[in-house]
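Chemist: Those protein sequence lines, which keep their order, are chains S and X. 1 is the number of the first residue of the first sequence in my numbering; add one for each residue after it. 1 is the number of the first residue of the second sequence in my numbering; add one for each residue after it.
One or more hints might be untrue.
[Unchecked claim] Partner residues are not named here, just some residues of chain X that face chain S (Cβ under 8 Å, in silico): (1) 158; (2) 166; (3) 257; (4) 259; (5) 289; (6) 299; (7) 301.
Simulated from the structure, these hints should not be mistaken for lab results. Ideal Cβ positions, reconstructed from N, Cα and C, are used throughout, including at glycine.
Given next are the chains, with one letter for each unit.
2 protein chains.
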Amino acid sequence: MHTAGVDLGGTKVQGVVVDHDGKRVGEARGKTPVSGGPEAVVAEITTVVKAAAKDAKVAVGKLAGIGIGSPGRVDPDTGDLFGAANLPGFRDPVPLGSMVADAVGVKRVVVGNDVVVATLAEHRLGAGRGFDDLLTVFAGSGVGGALVLGGELRAGSHWAAGEIGHMVVVEGGELCPCGRRGCMEAYAGRVALERAARAAAAAGRPTELLAIQERQGRPRMSSGVWKAALDAGDPLAHELIDRAIEALGAAIASAVNLVDVQAVLIGGGMGDKLGEPFVRRVETAMIPHLFLPPSQVEVRLGELGDYAGAMGAALLLRR
Amino acid sequence: MHTAGVDLGGTKVQGVVVDHDGKRVGEARGKTPVSGGPEAVVAEITTVVKAAAKDAKVAVGKLAGIGIGSPGRVDPDTGDLFGAANLPGFRDPVPLGSMVADAVGVKRVVVGNDVVVATLAEHRLGAGRGFDDLLTVFAGSGVGGALVLGGELRAGSHWAAGEIGHMVVVEGGELCPCGRRGCMEAYAGRVALERAARAAAAAGRPTELLAIQERQGRPRMSSGVWKAALDAGDPLAHELIDRAIEALGAAIASAVNLVDVQAVLIGGGMGDKLGEPFVRRVETAMIPHLFLPPSQVEVRLGELGDYAGAMGAALLLRR
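So that you can see chain S by itself, here it is in the shape it has in the complex (with noise of 0.2 Å):
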């Protein structure tokens, strides 16, 4: 039995096609729409379904299902996705999962949280197998999280539980994207990091930051051209990041002071793009705030990098 996994992002649409061991047996990718509404997106959708099915020898036909992690949160009592505010004509609920269901001709089309997801496949066959309690963090253009406790994801009381990113760490601090002030996503998510790398650079301050994205052809900072400029030894992406880790540091271990797990997974464009050396540093700026002593917490860089949310949107199919 093979089920589709997509993992709905800003920028890409990841597709992966699993056996029934969860095994990854095909995959795709195309891109986002910028344009077209869900109508478009779902044309993507199709498209890399599709392309996987074929890249795993498998007829769309006979895919058991399709999990689908995206941006937003699914209403329980509808199934609609709302609140995916990045995505094309997205703004008002869209019924995600029957419009796939009719364009692919599956009948299964499950959807979920793309933070849930990504960690659910973390848990469940990555560098989060065998903690019953686990914090996961993901650091991308913003900072996004989720809790496994008791070896059960931790939904919340209203399906709101993860928001590590918007965890106060500097009262009265820096604007976030997300409009509140001195929020970790304010110094730690790529939004932000590139804004402030944008002010400074505008404002004088030397920088490799901008040269490097051009010639990378990016339209955004992406954690290719941070890792680049760190690399390069570039002090205003050396300063940021520092920064970001003392946030992602002071914010994640008032987690751990919280909840108290087990472990704590690293992952996200940031974390997989500066991998190791990344989450050994922000596992040393834990440290300071940290109520537990260090070694009884398990700080790990995730498994899964970029395929964790396509991974964990095919393991919707198996709750």
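Starting from the known structure of chain S, arrange chain X on it as the hints suggest.
Modeler: For chain X alone, coordinates are given in the frame of chain S:
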């Protein structure tokens, strides 16, 4: 069937006797010894339990058991109390339960963390009734807290959950009594508040706080001293309590953003003394940081006040 509950605090020992409906039918209070080690503490607990039983007109020998809420944590393997550094002679683990059982002549004695038992009491008998997901915050000399998730107390992977007082609200901020920097307790705990008030007074800031404390004959700046200073319009007291409220608001909102609960309960000496207006101000201070619509999170004053610890300790015997 009657049971006794004892709240072993840093300054006082509060005892209650409850009937099988959890109703308080007797009470007594003593002072926590400042010397004499665990033996002196056990002797005082014995006196208080006997007096509370007498008040309830129940023979001590007829008590089904005694629950004790104490600072520190109980080792689930040995039953020893550890980490209760505020109590005289409790730096090393103490077999408090068996010592009290022998001294009082009651077979069953259960010891639990003071904040945990107060949370139990508020959840089962007080302002937390009916909430499956609940955060409690007890602001006293320090600031402790606990989480009820899915109707169950969250102990944590290392029995260390609930340290909301040591969530970071100002990276690199004020020194906390715990030795770390920028913790919420560094702004909102009474030990930190008194330290800040004394430092300001020593630096020449005019304030009535010290005079009120002396007039009330208190060895420390108790919650009652702060209340009197606020009522008298003391500007320094207002400034420091404003700061405490901001810190509480930021940390509580951060906690809610992470775990998503239905309700927040505020208790402890400061909550009890400053009452409903204080709780409403903390609620207002949460709003700028809260991810959920504020209407979805109920913020309440604890209902059991000073009795929460002793009532919850009695409940320990019913788990």
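Chemist: Does each hint hold? Answer for all of them.
Modeler: Here's how the hints hold up against the structure:
no. : hint : result
1   : 158  : holds, 6 Å
2   : 166  : holds, 5 Å
3   : 257  : holds, 4 Å
4   : 259  : holds, 6 Å
5   : 289  : holds, 5 Å
6   : 299  : violated, 14 Å
7   : 301  : violated, 20 Å
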